[in-house]
Amino acid sequence: MSLDKNGIAQRIAQELRDGWYVNLGIGIPTLVANYIPQGIEVEFQSENGILGMGPFPFEGEEDADLINAGKQTITAMPGAVYFDSATSFAMIRGQHVQLTVLGAMEVADNGDIANWKIPGSMVKGMGGAMDLVASADNIIVAMMHTNKKGESKLLKNCTLPLTGVGCVKKVVTNLAVLDITPEGFKLIERAPGISVEEIKNATEGRLVIEGEIPEMKLN
Amino acid sequence: MSLDKNGIAQRIAQELRDGWYVNLGIGIPTLVANYIPQGIEVEFQSENGILGMGPFPFEGEEDADLINAGKQTITAMPGAVYFDSATSFAMIRGQHVQLTVLGAMEVADNGDIANWKIPGSMVKGMGGAMDLVASADNIIVAMMHTNKKGESKLLKNCTLPLTGVGCVKKVVTNLAVLDITPEGFKLIERAPGISVEEIKNATEGRLVIEGEIPEMKLN
Amino acid sequence: MNKVVSNVEEALQGVESGMTLMLGGFGLCGIPENSIAQLVKMGVKDLTCISNNAGVDDFGLGLLLQGRQIKKMISSYVGENDEFERQMLSGELEVDLIPQGSLAERCRAGGAGIPAFFTPAGYGTEVAEGKEVREYNGKPHILESALTADFAIVKAWKGDTEGNLVYKATARNFNPMMAMAGKITIAEVEELVPAGELDPNFIHTPGIFVQRIFKGEKFEKRIEQRTVRPKN
Amino acid sequence: MNKVVSNVEEALQGVESGMTLMLGGFGLCGIPENSIAQLVKMGVKDLTCISNNAGVDDFGLGLLLQGRQIKKMISSYVGENDEFERQMLSGELEVDLIPQGSLAERCRAGGAGIPAFFTPAGYGTEVAEGKEVREYNGKPHILESALTADFAIVKAWKGDTEGNLVYKATARNFNPMMAMAGKITIAEVEELVPAGELDPNFIHTPGIFVQRIFKGEKFEKRIEQRTVRPKN
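Line by line, the protein sequences give chains A, B, C and D.
When you line the first sequence up against this note's numbering, it's residues 1 to 219, in that order.
When you line the second sequence up against this note's numbering, it's residues 1 to 219, in that order.
When you line the third sequence up against this note's numbering, it's residues 1 to 232, in that order.
When you line the fourth sequence up against this note's numbering, it's residues 1 to 232, in that order.
One should not assume that every hint holds.
[What the hints assert, rightly or not] When the alpha-carbon atoms are kept at most 25 Å apart in a straight line, the in silico SDA-like pairs for lysine to any residue are as follows: (1) K72(C) with P119(A); (2) K158(C) with E16(D); (3) K148(A) with G7(A); (4) K156(A) with S2(A); (5) K131(C) with A116(D); (6) K221(C) with M77(A); (7) K72(D) with E16(D); (8) K139(C) with R134(D); (9) K218(C) with P78(A); (10) K169(A) with A128(C); (11) K183(D) with R134(D); (12) K168(D) with G184(A).
If you're looking for bench data, these hints aren't it; they were derived computationally from the structure.
Nothing here was measured: the structure is a model prediction, and the numbers come from that model.
Isolated chain A (complex conformation) (with noise of 0.2 Å):
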């Protein structure tokens, strides 16, 4: 059975470790908050300017001037901290933050992402997109692998204007978890119930698959 959104937001949470900073997107990447890991301690980054970013406010608590990139009200941890953009975007194009996730429209399998723009319609802008891919070191896409009209996300080349080149490292999707290598995708795991010739038909990119591939443990 493949995964629904909580699915591949708890898969990911698997990648977190103890004292990382991770920026979420907005959409799946934001319920990754909602599975980390017993004995871990994350925090997280919000690039409009909050580092110890807490779950939504109790109903009536909300504070207009204390939201998310997604422009959610939302509350702060203890040992928090509030910063302008220019400080944010320094931690982020300087490394300091460990793991970016977010959402994608298309993945190539040499790791170059597009997911800003669609040529013809409605141009939102990349917002903190570029600047995120293009600095993070550890990056995972967090999608559904295959579009609405089934077509595969996970292709050779994209075919949307990029938003970043070869900087995605993981990919996570209702289907599988696949790692991005010279050869291409790697298949690393299949969600629970899903066989490799799923994944395979679900693929438009390179996919490398050695030997037996796991299913992926979800408590």
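We have chain A; now place chains B, C and D onto it with these hints.
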């Protein structure tokens, strides 16, 4: 009678305008703060990280954490701000400081200045002087007209390693006030009792003398 | 050095059609509401607005879009606004999209006298078109230039008569860099206090960057995405 | 995210001969005294030290010079120190002098992932030798590159267990930028408090830039130029 250091400072203080932020270098420039004209409000920036520098502290009230760029203990005025060195030079480089007053070993008639290094002798470093002279729109040099050997410090060309090129706008010495113009040092005022002839003799660079040269008015 | 002006009318004197303005804020958080309302009232046109976002249809910069007062937007993300979309697709509105970190750094550079710098953001994308590329530490970087504005309009929590500013929480965002980059910088504040009341150790924007300051008449502080947990 | 180490010995673990260190402070103001004493004790040699100044003969970096532990100084002003002068004139010590604003900006750039930037400072002087020159706004600028260090060692007034730092008055100076630019950043503080005690709105160095923090055993805080007015 040629001016002493306090006289030079007093004359430079007449150049201050209401609302200016001013950076004063070490030595004679520091004394300018003692002669702010009545009815004029200026604020002093010290490049180690304070805006709104006040007078020296009362005996026993010195704070090791509160110094100026000359490493002297100081105080802060109401409305003062402390900031880091990058922000400090953002103010300077970004031309938010309206006037810089600094000393010099040599000034050339094209506005070049040398004040940081004597080859073969001890090199102490340029500190913030190169940033200040490269950035400020309005730079006044405060110095003696001649060196200890009696040689002119207002030259055709600087002989010492430069601090900045074509940047000085005005020179106030113990003998005269001179503007830097495309034609060279333009004599604006004489020190009380100093003749044009004396200034001519003490000036090696091109000197422009037009009409009657008034005497400085000091209170 | 008193920077206080008595109201928003006085604060925005000199803003004219065709000018380039920087406006602080991220989404609707930390935007200079009172000044935007005044810009609407003044009816200045053909503005180039540098702002991370473009507001929503009926608030923030959306209000200027409604009145067709903006000729060009320089932003990183603009997708919360139908009127914006309409004007952009019809070609009435020029849009220059810039990675958010580059936008922040370009404003800071403008204020700090750094005319250009290299950044990895945008390499290999549309953003890099026509820009110089140079490799540092084995990674390609593009050369980005400083941004400045005729007026920078920022919003702070507290300010003093000298123009020193303090922002609250994530309402800080782009305000400090834009405050640095305006030829004239206008600050609207929720609380205006005498010089000396703010702790000199904890000021976000030193007054040297601010030319005019006033207390905003009212702050709606609209929330774009109200997300909450139920109380148990 | 606890960054606390129990003492200066633990804090400086891993500092080795031949490394590049950044050390905060301006003159003797805001220098990491405890860490410098520990570097003397450790006897590490051939250090490249990036610090605005070089201390005085018997305090600050002067102590490392006494022990001939420094191979190269990268500074803006170094003239308060006889032993420094002796070693430099005899060629024992390499010295790279950098305009103070460029030094600050180069450290910030190192921490902010900006590999290079243009500045007008130093154009037409020795500092510009071998550097690319480009004109912006009718004024020549030179290209300066980022600085980073194996360890950055800074001194703060207060810090919390997460590594968030607050500096006092002009003891801030180079500390915040150097904190950003260290591969490993060590902070010694006068007061160490639990996370949550510092106001998140008023933190000078966010803990993300700091890897190790400890409470310094004692702070002499020597004054270089004691200037006072008599009390009447």
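Could you grab the alpha-carbon distance between K218(C) and P78(A) and see if it respects the 25 Å cut-off? Status violated; Cα separation ~31 Å.
With a cut-off of 25 Å on the C-alpha distance, tell me whether K158(C) and E16(D) pass. Cα-Cα ~47 Å, so violated.
Restraint check for K168(D) with G184(A), where alpha carbons must lie at most 25 Å apart: violated (52 Å)
Can you confirm whether the C-alpha distance between K156(A) and S2(A) stays at or below 25 Å? holds (23 Å)
Do the alpha carbons of K72(C) and P119(A) lie within 25 Å of each other, as the hint requires? holds (20 Å)
K183(D) paired with R134(D) [C-alpha distance capped at 25 Å]: violated (31 Å)
Agreement of K169(A) and A128(C) with the hint, judged by alpha carbon distance not exceeding 25 Å: holds (22 Å)
Would the hint linking K148(A) and G7(A) be met if the CA-CA limit is 25 Å? holds (19 Å)
Is K221(C) within 25 Å of M77(A), Cα to Cα? holds (23 Å)
Would you mind confirming whether the straight-line C-alpha gap from K139(C) to R134(D) stays at or under 25 Å? holds (23 Å)
Could you grab the alpha-carbon distance between K131(C) and A116(D) and see if it respects the 25 Å cut-off? Between K131(C) and A116(D) the Cα gap is close to 15 Å, so the pair holds against 25 Å.
Are the Cα positions of K72(D) and E16(D) separated by 25 Å at most? holds (15 Å)
Checked against the numbered hints above, the structure violates hints 2, 9, 11, 12; every other hint is satisfied.
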